[in-house]
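Visitor: For reference, the chains in residue letters:
Protein chains: 4
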Amino acid sequence: MKTIFLAGAHGKMGLAIQDMIEKQADFSLVGMLTTHRSLAAIEDGHGLAGLAAIFTTLESINTKADVWVDVTKPHVAFANGKYALTHGYDLVMGTSGLKETEVDQLRQLAEEQGQSALIVPNFSITAVLLMKYAAEAAAYLPAAEIIEAHHEDKVDAPSGTAVATAALIAEARQSLPDIPASDALARGDQSQGVPIHAMRLPGILAEETVIFGSTGETLTIKQSTNNRSAFMTGVREAIKNVDKITGLAVGLDKVL
Amino acid sequence: MKTIFLAGAHGKMGLAIQDMIEKQADFSLVGMLTTHRSLAAIEDGHGLAGLAAIFTTLESINTKADVWVDVTKPHVAFANGKYALTHGYDLVMGTSGLKETEVDQLRQLAEEQGQSALIVPNFSITAVLLMKYAAEAAAYLPAAEIIEAHHEDKVDAPSGTAVATAALIAEARQSLPDIPASDALARGDQSQGVPIHAMRLPGILAEETVIFGSTGETLTIKQSTNNRSAFMTGVREAIKNVDKITGLAVGLDKVL
Amino acid sequence: MKTIFLAGAHGKMGLAIQDMIEKQADFSLVGMLTTHRSLAAIEDGHGLAGLAAIFTTLESINTKADVWVDVTKPHVAFANGKYALTHGYDLVMGTSGLKETEVDQLRQLAEEQGQSALIVPNFSITAVLLMKYAAEAAAYLPAAEIIEAHHEDKVDAPSGTAVATAALIAEARQSLPDIPASDALARGDQSQGVPIHAMRLPGILAEETVIFGSTGETLTIKQSTNNRSAFMTGVREAIKNVDKITGLAVGLDKVL
Amino acid sequence: MKTIFLAGAHGKMGLAIQDMIEKQADFSLVGMLTTHRSLAAIEDGHGLAGLAAIFTTLESINTKADVWVDVTKPHVAFANGKYALTHGYDLVMGTSGLKETEVDQLRQLAEEQGQSALIVPNFSITAVLLMKYAAEAAAYLPAAEIIEAHHEDKVDAPSGTAVATAALIAEARQSLPDIPASDALARGDQSQGVPIHAMRLPGILAEETVIFGSTGETLTIKQSTNNRSAFMTGVREAIKNVDKITGLAVGLDKVL
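Protein chains in written order, with the numbering used here: chain Z, 1 to 256; chain C, 1001 to 1256; chain Y, 2001 to 2256; chain U, 3001 to 3256.
One chain only, chain Z, in its complex shape (with noise of 0.2 Å):
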């Protein structure tokens, strides 16, 4: 059994995870910290009704768990963070919006604390596997694009994602393609020489697709995100095996 404190526990992921922890026997939730408006008016550790001790403040809690699960914003996260490996918690994270100075601090802290951190920028087990994917394919394909699309509610462009498999694909070819710049430009980046193309659109969720191009011939990876809950079984595996992490790793492909 797991015993798990999740933090960020009323947005839409928090909800998600409390529904996947309920339906998963060998986890247990314990505690949970919210910010959400209507649950600002219960006491602290007080639950309500067949549901773990709820709290607003990290100074208020008073439960102890394996895992402190954290789907919060990356200016609470770092803070949050800070207190679970102090406080004997492993940490699963799931952010991609951490300073590197903040990573280090928290690879540092798990490292003196003996406990494990798995910051998880994509918990999509797609989204894992089009990476590793076209890390591999562009030692053989150096000529390559991405489009990533996402809801037009998403104000960052491009996506956390999108940038990690730019760096991946820049890491593993061993040629430069001669493929022509441009002066005129849409919302993306090249900055990697691996252009990145980004649409906001309504109906589509999110969605990253990479396509490597050689002479006559082309290969397409694709990953689409229809539905919050195809992070679930991303954030059933880490939490199942962050423990097997010495000091803090980055990734779902860690645990898999």
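In case anyone wonders, no lab produced these hints; they're calculated from the structure.
Treat the hints with caution; some may be incorrect.
Partner residues are not named here, just some residues of chain C that face chain U (Cβ under 8 Å, in silico) [claimed, not checked]:
| no. | residue |
| --- | --- |
| 1 | G1203 |
| 2 | L1205 |
| 3 | N1226 |
For each residue, glycine too, the CB sits at the ideal point set by N, CA and C.
Please build the complex by placing chains C, Y and U on the supplied structure of chain Z, with the hints as guidance.
Guide: This is chains C, Y and U only, laid out in the frame that chain Z set:
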């Protein structure tokens, strides 16, 4: 039976058109204007066995036909067009390179002479249908983005067809979608409010994709050209229907 | 301003339509017919604060509106439709389950009463546009195949929309493509000469793709439904334009 | 320097291979076996000026080479392969049409004679990568379907590559997805539990797509061949590395 005179008969397009005419039972090729070196030795007006009469100058032409099909370069096409419209031919001209004043002169000539003229910037019927449907769909689905992909030797970006499609969408839609812009950019264009993402990769000849997004659904229209033979359906429809035009028209859609 | 009466107001579609009406400045919801248990206690004709009047039987309705929107089950819809057309409402009915004799009776009523009626088997505007464009393109591009993909719980195959699209293509094309048949077969259909390939996979809600092939080029039209909210654009257009119909029409395309 | 004997030298693949060999500084074409009518008049063993010696029967061959490259039809390839392996050649055979017993006989011959043999069902590096990634992904994502699309002149269906991909997926996945079967059918195959949908359309040369579906997400891997030049990278790698094989191997991946 349509009789045809073909100018630019031995370029890539011209050779493909010769093949198409031969297979079309109701088309007959009666003359060709050519500047191909290997044919310069042939006496004007004498065809090779089984071939239509070949001419190397406008002055030497001594045949008549229903339709003058012109797939020469822009600097020659204008003179050819004037000749055709003043010598009893209807005109099908495959170029996007004429100046506006030249198009106006040809229009005036066509009207004066009672001939029909069609200028076709793009003979690809799938590209023409894509533009038509994209313009129609934009009235209902204002949020759209375009991806165009071409071979790595196409140095200009975005493609003229993509820019024209964006203009049609921008004109047709009745509201502006509220889609985030971005400071990070890649090859493409967003000047018309319809982002165009331009890919340049080996293994692709020419593709254009328009994606419309609406709450919970998307509509994608994609056109792919894999081979220059693609244009023959368009050339055939233009020859068949040019005589339905009064004066001069621009665009293959005018005869569909 | 269009005033609307909504029947089936608390099913999945009904709730989504309530949301849509609220956001639409020129629509006003004035009454709802509902059979939802939790609302049965509300006295007929009295709305909750800020809500339209709620009724649980046809007999108790005492409001008038421009349009009766009906998203009930087929066995109820017919009686509702008769009521609406004989009580001064135009009718927008979202169902594919009426018998032909029932449709005929509603048509006769609409004509007698001088009301407009629209029966919509599929409110997805992208599906309706796909079918319209596919039928048009088939006139130029006779070789076509269809891929439809649905979630794994859809047991029937191929989908009704795909079969209808194949029929439209078969009817519109002017020549039969010479495409090889095969003894080896997978889920789908080829009875209309337009092969339909039916995929059933988790992670997909509903997609339909038509691919037209011609010498050297292809045209692909794809429609994807990711969420039941998809249908609201279609419902909105139907409400706006139903009054342009004389008598009764079937299909969202009749008001596009 | 690798010396090469080319069987099937004047088919489409053979002609492309002649071009590739000419451009490759460390390859030398020393002989060709051909059945092309227009070459039948050439006396066996006498090349045209600047060309390798041409033979029209196995019996007449009087040259030696390091590698026998065979791109003939299946009914000829087997006899050719036996001849090559018993006459001092390593063998690169581009076919997917041999019977298992024939492959076994060639394997035995290669081992007895101390020659190396590589049978390559598909020389496309993107197809080989697609198959590799599909087999890997199936371990996590058991629900999969395949779409293969080829030009209208390909009479057999489904393609050998698609059947091979389905076999790899069927073998790799650890559970069977619960996906509905159907009585209605189209061109394709479902014998291995991985439905293959086979499209035959003009405007397409060769494409293969594998779609994996899981809760809320999909992974798509697509390979597209637009031009026969696509295969030359694979042919070149096969010729270069065939001598590293002990006995007989099947698949381009064996020399990557």
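Visitor: When the structure is checked against the list of hints, which entries are broken? Sort them ascending.
Guide: When the structure is compared with the hints, none of them turns out to be violated.
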